[in-house]
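J.: What follows is each chain in one-letter form.
Number of protein chains: 2
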Amino acid sequence: MTDQPNFQGFVCPMPLRDYPTIVLGHGSGGRLSADLIQHLFVPLFDNPALSGLNDQAVLDINGTRLAFTTDSFVVNPLFFPGGDIGSLAVHGTVNDLAVSGAQPLFISAGFILEEGLPMNDLGRITTSLANAAKAAGVQVVTGDTKVVNKGNGDGIFINTAGIGLVPPDLHIAADQARPGDVIIVSGTIGDHGMAIMSVREGLSFETELVSDSAPLHTLIADMLGVTREIHCLRDATRGGVAAVLNELAERSNVGFMLDEAALPIRPAVMAACEMLGMDPLYVANEGKIVAIVPEAHADAVLAAMRQNPYGVDATIIGRAVADHPGMVLAQTGIGGRRVVDMPLGEILPRIC
Amino acid sequence: MTDQPNFQGFVCPMPLRDYPTIVLGHGSGGRLSADLIQHLFVPLFDNPALSGLNDQAVLDINGTRLAFTTDSFVVNPLFFPGGDIGSLAVHGTVNDLAVSGAQPLFISAGFILEEGLPMNDLGRITTSLANAAKAAGVQVVTGDTKVVNKGNGDGIFINTAGIGLVPPDLHIAADQARPGDVIIVSGTIGDHGMAIMSVREGLSFETELVSDSAPLHTLIADMLGVTREIHCLRDATRGGVAAVLNELAERSNVGFMLDEAALPIRPAVMAACEMLGMDPLYVANEGKIVAIVPEAHADAVLAAMRQNPYGVDATIIGRAVADHPGMVLAQTGIGGRRVVDMPLGEILPRIC
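Which chain is which? The protein sequence lines are C and G, in order.
Start counting the first sequence at 1; every next residue gets the next number (our numbering).
Start counting the second sequence at 1001; every next residue gets the next number (our numbering).
Check the hints yourself; a few may be wrong.
Claimed, not checked - These stretches of chain G come out as covered by chain C in the derived footprint (C-beta under 8 Å, 3 or more residues):
#1 1046-1052
#2 1107-1120
#3 1144-1151
Unchecked claim - Ranges of calculated distance between the beta carbons of each label pair, as one might list FRET restraints:
#4 G:Glu1295 - C:Ala221: 50 to 56 Å
#5 C:Thr218 - G:Arg1306: 51 to 57 Å
#6 G:Arg1337 - C:Pro167: 35 to 41 Å
#7 C:Leu53 - G:Pro1267: 34 to 40 Å
Said to hold, decoys possible - From chain G, some residues computed to sit far from chain C (all C-beta separations above 12 Å):
#8 Asn1131
#9 Thr1188
#10 Ser1204
#11 Thr1218
#12 Ala1221
#13 Leu1224
#14 Ala1261
#15 Pro1294
#16 His1297
#17 Asp1313
#18 Met1327
#19 Leu1329
#20 Val1339
#21 Asp1341
By construction, these hints were calculated from the structure, which means they are not laboratory data.
For glycine and all other residues, C-beta sits at the position ideal for the given N, C-alpha and C.
Given these sequences and hints, build the entire structure.
T.: Structure representation (structure tokens):
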């Protein structure tokens, strides 16, 4: 294979930031993840569908446009307020399909079980996965189960891959944002990450912290019912809204200006973030999308979103600008501006 | 959800053989795996594509017939004679698509990395995965990377899911075997399992033990060039030829009679099996198929297979019979008969 780099004697080059081994940050959805993708995977697996760097590949098979995506779930703990690894594995893949505008149809489920996992836990998790699939209208049509020795896994890891049907006239993609576009978020941010942290850290607040894990394809269908002209759509998982906006800013070569005061954040989430020294913009969501929409359609899209149970708190949080392309800035409450940078590494390990 | 069993208070029933926790055997491809599938997954995920219990689902999307499959790879060691976890992850999924008669088109790659994995190993493995995909003519179009803490994984686990295009007139399935059909195996058996064991156990023979890991879609295309009337096709991975034949016997309600003397086995594999007390019929292959073919087409199919580099040692090893439906028997070298039962649990843990 003379036409590609020789990784047989692979030595981590500077673009991989000189890490000789994998660190947790390589799974963060931040800059270290992007390094792996851009400097290792994309050159090796060179093809147009992958190079689009969207959450899913859009494929043409015999004239049918299909979305195809995969996600592995390693969340810790396996059960958390608002969900578990089973429902999360469905919602994550359904949402990665839906943000291309696809109707999610079929998913696969690959289980890696650790020897010693209580059968009761496996029963609860697979039941939750099955119920979430039914509720989202997708069929689990194929699967695989592997078992690893005790100490070589962590209870259960689940991979789901999904197939969806993309309408022929849609071209939602990471490079479609234009100056003047409006940034909409579909509801409160940071709920999932703080629900996970509340279990791990033993936090307790008057208002319980609950994951927002949910399937968002009906919300997105409602938005597309208003206009096909939605420029970008992403679910704001690892790395939160900040990581999504930084990626879109870079891919579309626009700037984003956020209005910090407009960010919808539950008081309990805000309190937990303050206690842990975290910025809600960087905290993972599992039931929230970020949409970049032409200003002319923003009000109508917003109105449609608020009619959907998963979009009642939808709101405009900023806009795309021609200034500072590739950068995300936020107008702070006290009148200043701050840079909302791409996170480097891991903020909350194993959040999904 | 009143229309389904309540697994919230899930207690492992007798059909799950009273194991309160997951044991290695649940990942074996044998009877314990079948228990999980038949008593937990199939009832929960109830749908016709899954219930077919083939290695892949065959889906109709807008009139296009697609094969869809998934496999997680947890092989230990990561590198072995004849391959590594990267090439194996491609071959396994390509072959699961191909045995439906599909042309493999696209695969996904989901990586679960353990903190501390040398970047050099990741580079070698992903390069091997990319090269195997190119050689098999499939594109890696979507992916995902997660990192787990040191001690909660084992270097790298890879999930691949795949999509292939199934010709409209093919109906190869596990329940299609008929009495009188001939059993063909595409080459020597037990090579992959014994190559893995040779590394684990430090075996050394004059002839090296090398995995047969290979993509078999061109071999299968050559067979289908002779006749569309191939009844069953399986790649004989976990549980070996014995597990495949037991599954086909049960699903098709036929018996199988093997001619033990006809089994193609390399001397080094035979020697290793004897040393370890293993039966080559139960040892995993990663580059061999079992085909159940009407007698009228057997010679032509065999001739076509032997023209393909992956089928030069193809041979007839027995036939389907009306007697003892659901059971596999073997005519032994000394004139007797023995039962070739479904393996219960794990013969060779983490073989793929």
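J.: Work down the list of hints and note, for each, if the structure agrees.
T.: Okay, the hints, checked on the actual structure:
no.: 1; hint: 1046-1052; verdict: holds (count 3)
no.: 2; hint: 1107-1120; verdict: holds (count 13)
no.: 3; hint: 1144-1151; verdict: holds (count 7)
no.: 4; hint: G:Glu1295 - C:Ala221: 50 to 56 Å; verdict: 53 Å, holds
no.: 5; hint: C:Thr218 - G:Arg1306: 51 to 57 Å; verdict: 54 Å, holds
no.: 6; hint: G:Arg1337 - C:Pro167: 35 to 41 Å; verdict: 60 Å, violated
no.: 7; hint: C:Leu53 - G:Pro1267: 34 to 40 Å; verdict: 50 Å, violated
no.: 8; hint: Asn1131; verdict: 6 Å, violated
no.: 9; hint: Thr1188; verdict: 25 Å, holds
no.: 10; hint: Ser1204; verdict: 25 Å, holds
no.: 11; hint: Thr1218; verdict: 19 Å, holds
no.: 12; hint: Ala1221; verdict: 18 Å, holds
no.: 13; hint: Leu1224; verdict: 19 Å, holds
no.: 14; hint: Ala1261; verdict: 34 Å, holds
no.: 15; hint: Pro1294; verdict: 28 Å, holds
no.: 16; hint: His1297; verdict: 29 Å, holds
no.: 17; hint: Asp1313; verdict: 28 Å, holds
no.: 18; hint: Met1327; verdict: 25 Å, holds
no.: 19; hint: Leu1329; verdict: 29 Å, holds
no.: 20; hint: Val1339; verdict: 26 Å, holds
no.: 21; hint: Asp1341; verdict: 21 Å, holds
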